[in-house]
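Sequence order for the protein chains is A and B. Letter by letter, the first sequence follows residues 1 to 243 in my numbering. Letter by letter, the second sequence follows residues 1 to 185 in my numbering.
One or more hints might be untrue.
[Unchecked claim] So these bits of chain A aren't anywhere near chain B, every CB distance computed over 10 Å:
(1) Arg78
(2) His111
(3) Arg137
(4) Asp210
(5) Met211
[To be verified] Calculated lysine-lysine pairs in the DSS-like style (CA-CA distance at most 30 Å, straight line):
(6) A:Lys194 to B:Lys105
(7) B:Lys161 to B:Lys65
(8) A:Lys113 to B:Lys161
(9) A:Lys27 to A:Lys113
(10) A:Lys112 to A:Lys194
(11) A:Lys194 to A:Lys27
(12) A:Lys27 to B:Lys65
(13) B:Lys161 to B:Lys105
(14) B:Lys4 to B:Lys65
(15) B:Lys4 to A:Lys223
(16) A:Lys194 to B:Lys161
(17) A:Lys112 to B:Lys65
(18) A:Lys112 to A:Lys27
Worth flagging that the hints you see were computed from the coordinates, not collected in a lab. All C-beta atoms, glycine included, are put in the ideal place defined by N, C-alpha and C.
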Amino acid sequence: MQRWQMTERLIPRDLSAHPRAYAPDYKTSVSRSPNQPLLSFPTTQTEITGPTFGHDMIGQHDNNLILNFTGQPAIGERIIVHGRLMDEYARPLPGCLIEVWQANAGGRYRHKKDGYLAPLDPNFGGCGRTITDADGRYEFLTVRPGAYPWPNRANDWRPMHIHFSVFGHSFGQRLITQMYFEGDPLIARCPIVKTIEDQTQIDRLVAPLDMTMAQPLDCLAYKFDIVLRGRTQTRFENRPEGM
Amino acid sequence: MVQKLDHLRETPSQTAGPYVHIGCTPNFAGIQGVFDDLGADPFPGEGDRITITGRVIDGFGTPIKDPMIETWQAGAGGTYGPGTRGWARIVTDPETGEWSLNTVKPGAADGQAPHIAVWIVARGINLGLNTRIYFPEDDHSADPLLSRVEHRHRAETLIAKATGPSAYAIDFVLQGANETLFLDI
Ligand SMILES: [Fe+3]
Chain A
1 MQRWQMTERL IPRDLSAHPR AYAPDYKTSV SRSPNQPLLS FPTTQTEITG PTFGHDMIGQ
61 HDNNLILNFT GQPAIGERII VHGRLMDEYA RPLPGCLIEV WQANAGGRYR HKKDGYLAPL
121 DPNFGGCGRT ITDADGRYEF LTVRPGAYPW PNRANDWRPM HIHFSVFGHS FGQRLITQMY
181 FEGDPLIARC PIVKTIEDQT QIDRLVAPLD MTMAQPLDCL AYKFDIVLRG RTQTRFENRP
241 EGM
Chain B
1 MVQKLDHLRE TPSQTAGPYV HIGCTPNFAG IQGVFDDLGA DPFPGEGDRI TITGRVIDGF
61 GTPIKDPMIE TWQAGAGGTY GPGTRGWARI VTDPETGEWS LNTVKPGAAD GQAPHIAVWI
121 VARGINLGLN TRIYFPEDDH SADPLLSRVE HRHRAETLIA KATGPSAYAI DFVLQGANET
181 LFLDI
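Throw the hints in and build the complete structure from the sequences for me.
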């Protein structure tokens, strides 16, 4: 008889790595943050499994935000955003869906609720998606999004950012975050950034300029690595019948 | 001194913001022709359908109009997957905040009572909120999650109400006296 049974589990989430739910300088969080503690429980099949997506669902220009809206190039500073998706043990996560959305080069979203003065770019939709390769790598071609003002305190501006929605291999790994750009003075002033208390964790959202990937006479590059929760195994001893 | 553990920390979450639909359901957001919205039907063409409706309610008691909800569940036979089978992405009515999920009733998986896992993101939610939907007609006495809940009225926030044949309703309440039980999964 097999002595040990092994079952897959997620490494418990370190909530100190994340923003606090209630962060009053980000006003909307005040009425949308739960007051009661979260219920912790051991990983079940429900959290360890999750949807998977095939490379065949990705169209040729899905990860090219410069061309994917009309086929004509969007206006703005052309950039490559690339990086690796991995887990807490630094193992690559291949075959994972990454979706991005962003404002155009002037800081305006293509959305009926966005009334900012900056004009829409007729050739910029603002969404993209890709699936990580066998090494967990991904790449987008886009324009650098503009900073934009938003109604919060009297004069709050979002730093330049790209929103990322990331799947791992488990529903319990699901993550949405934002990537910022090295050198942007608005990062330190942003109440959404500062919902994260740990400065070393904030730094992990700031993508450095990566001249190794910049294309001469074409575009600059930024590198943004993403870490999802790790999976490991729990072993428990088989007990003889009746004990 | 000891060796330094070289494990990485999870990338921190940030709010999905008010424009999450541009990236996750671009056609719903009015951006057509780039790619299709995913997760519209978790079990295409399968089995006995149920419909679950509800709202996401903030601390003022107001339904919020801009969340995105994802669900993940076993099929009728109690197994997960493959692919995107069992996964849904749900938007709410932009006027009323009502959402609805048309799916199949999950079977019992892994010694658990039948349930649907739920993940909610929105502007003002800094880390996606996890919860579950259970069904009123099932036996919950041996469910490993529900049996951990100390206060019965907290467990009840996870159990949908039957509203008709194959129809259920459940609200996700972010804050206050009827706050939904959210999970550290
Ligand atoms: Fe934004």
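Verification of the supplied hints:
no. : hint                 : in the structure
1   : Arg78                : holds, 18 Å
2   : His111               : violated, 5 Å
3   : Arg137               : holds, 16 Å
4   : Asp210               : holds, 17 Å
5   : Met211               : holds, 23 Å
6   : A:Lys194 to B:Lys105 : violated, 41 Å
7   : B:Lys161 to B:Lys65  : holds, 22 Å
8   : A:Lys113 to B:Lys161 : violated, 34 Å
9   : A:Lys27 to A:Lys113  : holds, 18 Å
10  : A:Lys112 to A:Lys194 : holds, 27 Å
11  : A:Lys194 to A:Lys27  : holds, 12 Å
12  : A:Lys27 to B:Lys65   : holds, 17 Å
13  : B:Lys161 to B:Lys105 : holds, 14 Å
14  : B:Lys4 to B:Lys65    : violated, 46 Å
15  : B:Lys4 to A:Lys223   : holds, 25 Å
16  : A:Lys194 to B:Lys161 : violated, 39 Å
17  : A:Lys112 to B:Lys65  : holds, 14 Å
18  : A:Lys112 to A:Lys27  : holds, 22 Å
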